[in-house]
Amino acid sequence: MASPLSQSIIRLHEERHELEDYQGGVPRWCSGCGDNAILAAVQRLCRDENLAPEKTVFVSGIGCSSRFPHYMKTYGFHGIHGRAFPIAEGVKMARPDLHVFVNTGDGDCCSIGAAHWIHALRYNMNLTVILHDNHVYGLTKKQASPTSPVGLKSNTTPRGSVLEALNPLTVTLGVQNVSFVAQAVDWIPELMYDIVSRAFHHRGFSFIRVIQRCPEFLPKMFEPWLHDPGKTLLLTHDNGLRPSAELGRIYKNQRAHDPLDIHKAREIASEEDPIPVGILYQNPEVPCYEDLRGAGKPRTVEAVRKGLDAEFDKFTIWPDEAGRQRAA
Amino acid sequence: MDMAAKFQDQLVFHMTGRRSGEGLAPLDARSMRPALFAGYRDLAQLRHDFPLVLLEPGIADGFVASLTVLVNHALEELAPRGIEGERLRKHVLRLERELRNALAKGGPGQLSELWAAAAARLASDTDESVSKILALAGRTIKVDGDLVDCDQALPSRFMIHAWRHVQSQKAALFHGHLDMLQRKLSDILRAAFVHSEAGQQPAALKAAVGGMHSDDFDFAAMSRLVGRNAPKDELTPGRRKRIEWALAVLKSQRFHPSKLGAAQATHEFLFDNVAGAVSAYRDRLPQVVELVKAIAVAELEARNGYNEADHDPFFEAYNEDSLSPDDFALFPDYLVCIPADRNDAPENAGLMDTLSSGLPVKVVVQVTDLLEEASLGTGHFAFGVRSARLATTAMGLGGMYVLQAAASSLYRMRHRVEAGMGARGPALFSIFAGAPEAAGELPRYLTAAAAMESRAFPAFVYDAAAGENWATRFSLEHNRNPETDWPVEPFEYADEGLQRVRSEIAFTYADFALCDQRNAEHFAVVGRDRWTASMVPAAQWLTLPEREAAERVPYLLAVDDKDVLHRVIVDMRMMQATRRCMLLWHRLQEHGGIHDSHAERLLAREKAAWEAQKTAEIEALRKSAAAAAPASAEAAPAASAPAKPAAAQAEAAPEEKVASDDPWIETARCPSCNECQIINPLMFAYNDNKQAYIKDANAGTFRQLVEAAESCQVAIIHPGKPRNPNEPGLDELIKRAEPFQ
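In order, the protein sequence lines correspond to chains A and H.
Position one of the first sequence corresponds to residue 1 (our numbering), numbered consecutively onward.
Position one of the second sequence corresponds to residue 329 (our numbering), numbered consecutively onward.
The hints are simulated quantities; they were obtained by calculation from the structure and are not laboratory data.
If you're wondering where the values come from, they're calculated on a predicted model, not measured in any experiment.
Just to be clear, a hint being listed does not mean it is correct.
Calculated lysine-lysine pairs in the DSS-like style (CA-CA distance at most 30 Å, straight line) [unchecked claim]:
#: 1; chain 1: H; residue 1: 512; chain 2: A; residue 2: 306
#: 2; chain 1: H; residue 1: 460; chain 2: A; residue 2: 306
#: 3; chain 1: H; residue 1: 935; chain 2: A; residue 2: 55
#: 4; chain 1: A; residue 1: 220; chain 2: H; residue 2: 1018
#: 5; chain 1: A; residue 1: 73; chain 2: H; residue 2: 512
#: 6; chain 1: A; residue 1: 55; chain 2: H; residue 2: 569
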């Protein structure tokens, strides 16, 4: 809450930010890495929304993707493996006024952090979450991740991966309180930006799975999709994506999909070829945990006094029955 | 007596208001009432909205509840379905009736107290289990508050309670924010002190550690240590002065009462006249300006965003004229609850000026008499122009919230009342509290409801902030049958042969006037033997053409105290008033989008034009029917011919390619992966959206262009043709470039 006067003064002298204001050094990802496309889209979003760098936080776990906060000139928290979600939730709970983003990889989110991921979905806190899914552990030089396809030869699966890949979209759409699920691919920048923007404006846990290339360890994996626009299915809707005419001419494989329809969303989530790109599900009515728990409420003198009294009462010896009842 | 003679008497009465002959009896308004009221003899026996409980703050959402609803909820919780719960239901409903009776006889009181007293009365002559049941039901009702009936005091009590409810919510938000700002400003001063020389003295450090462990430290050594390393006071004198000023203003505000008990008394915002409220508003303006400024300064300081060069001149120029409705929304609204007999008093003369000037004032006007005569003394009904039409006038001024309602419907409109109390800017609430004592013995609940049903005092809401047009701002939804002239109710009675007769009765303004004994002269009771076919129901009479109406006499159905049905004919003056009431209602209907004359005229015009067009088309078809069939078959492709090139054009568009020898990049498809810039950062660069374009094709070689095209993951770099014919290995490069052209 800010008073109307200070709001107008702040607007009057508001600082406009350029793209460079969000760029924190040269990324050390491999050349051609899909992470760059995500970084570009997010930096554009920050500039277009004029997010105050000191009011923006990027939280990550461990992995290639999780180097993301280093390249943003905002607040960042490069956390421990799989624990990006609890850290981000803590930040949001203490400071609901901050814009909190989470960058996590397929290993970080879907393997070691899977339990936190499921419950973060249930909490539905207002976070913008980007799952950088390159189907491989890249930072540790090519091991199979939960989303690696069957048969992928890697350092941990030299004879080829034997397990069916986990589908992050069907998992998220199966969790209670899910409120926003989208899929993007790193090689269509326009849609990447649109999806990140829609996710940012959604109030709740906005989960974007970005299918991204790893030119170092899986250079050929997405070649068929890169070269054949027909293998990408654009999900369009008035309440979802509305691709430009130019993009529409390239990607003609389009399907109207209402993001409120969770059953259709689950069907689409199961499709792998063509790759569906767009907003699969969005429900603005799902309550946010921070609202339910009254996050960020100032600890007023009265509240502190009441809390202290309640604590002291636990150890007070009451001389009569009335006092005991009051304590209870 | 023949039919004509019977009718002659009635016509004379209708035209002149004079009863002649023996056939017409005077109306005894004490015993006679509109037929639809037959079922409402004893309101205490009927479960309806009233009495209401004005809820104590903090226990439940909302500010008012109906006793009937509370009892229903308690019964749902306690009494099992079927015969098992029947006993419990019976006793609790008996207690509810007892409460209604008690309230009708005595004054209002707390629900819990009245409940306990009524339970004790009922349990006195029954067994102990009844007392337990009633006490249990009382405990199940979790809320408490004053129990009020639909009496003369209701409008002011109800509205003041709603206002307090809204203001307490506003105060909670205000204090939460102010408390946070005070803590932040205090923290800044505290941090500055800790960093200052004074704060690093041994005594100050000792005080900071507290008594329990003070012996464990050498504070002199600590002082030397922190004095060497910690930063010194960073607060400039200007900033310190500003923060201290803002803190002092925030602490001394007198607008919203503090829960912790304010050091000084807060301002009063409840008035009984407009002049008093306006005067208080003016007197407090300087304090409002100071507090608004202090809050803004505190917010800027809390985020370390106060820039003296920019903000000092701004705050210096900020004065009473700069205050906006948004600023006033932080403060309590003034409530002016004008007593029923003071509407025309001199201290309220500025009511319309006050409302139209946008002051944050909520005014409650109570109307008690809708059937008063015009002030000019012409003998015409004034329709309460001086007070009852106030809401319509205010609505005409725009820019405010206006609510008109009868007291009987206040509970149903509670959410609208709450919205009006919370609306920004002025609001006017015009409430009809029921007919005055002189009108007769009918309960106020009935006369208030009758005024609303009869369109004499229709309920409406106008919210200037609810959108851009009348459709979103204006609502008649709380009236019964808003689309018709009069509400129509089903009515059943037994005829002379004791057979059930079902019919429908419209409730008109004349029916409402019948409830008021002061209007008895406008009505005459017609004996059963003198009923003629020329008598028509009043609502129907109003719809007759003038010539036909002149040959008919309007009548109302009324019942006496023995519930015998009578026909009561109405004189011309009363019918004129009824017609005028209907016309005023039509005007409101148009505002509400019902029978909108403009829309209907437009619709008629469009319909006529459409019909004319279709007739012409049919005529044309008929004429061409004789023409040869092949001719029409040829016409079809001719008509669709122009579409083809357009479609072909649309298809052709994507095929267009840049026909140039210059290298180029499909910038919009660039995923920003840096590959090309690593090869030659002078040749390739990023645009504002961090997507690559060719900055300078001459800044590198054709080889670099080809290598960039090959390494580009999404194959969007097109190398074009070589610029330097002498570049080594050109043949091989041109071959490698071919897939990317």
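Hint check:
1. H:512 / A:306: Holds - the C-alpha atoms of residue 306 of chain A and residue 512 of chain H are around 21 Å apart, at most 30 Å.
2. H:460 / A:306: violated, 36 Å
3. H:935 / A:55: violated, 60 Å
4. A:220 / H:1018: holds, 25 Å
5. A:73 / H:512: Given pair residue 73 of chain A, residue 512 of chain H holds - Cα atoms ~26 Å apart, limit 30 Å.
6. A:55 / H:569: holds, 28 Å
The structure shown violates the earlier hints numbered 2, 3.
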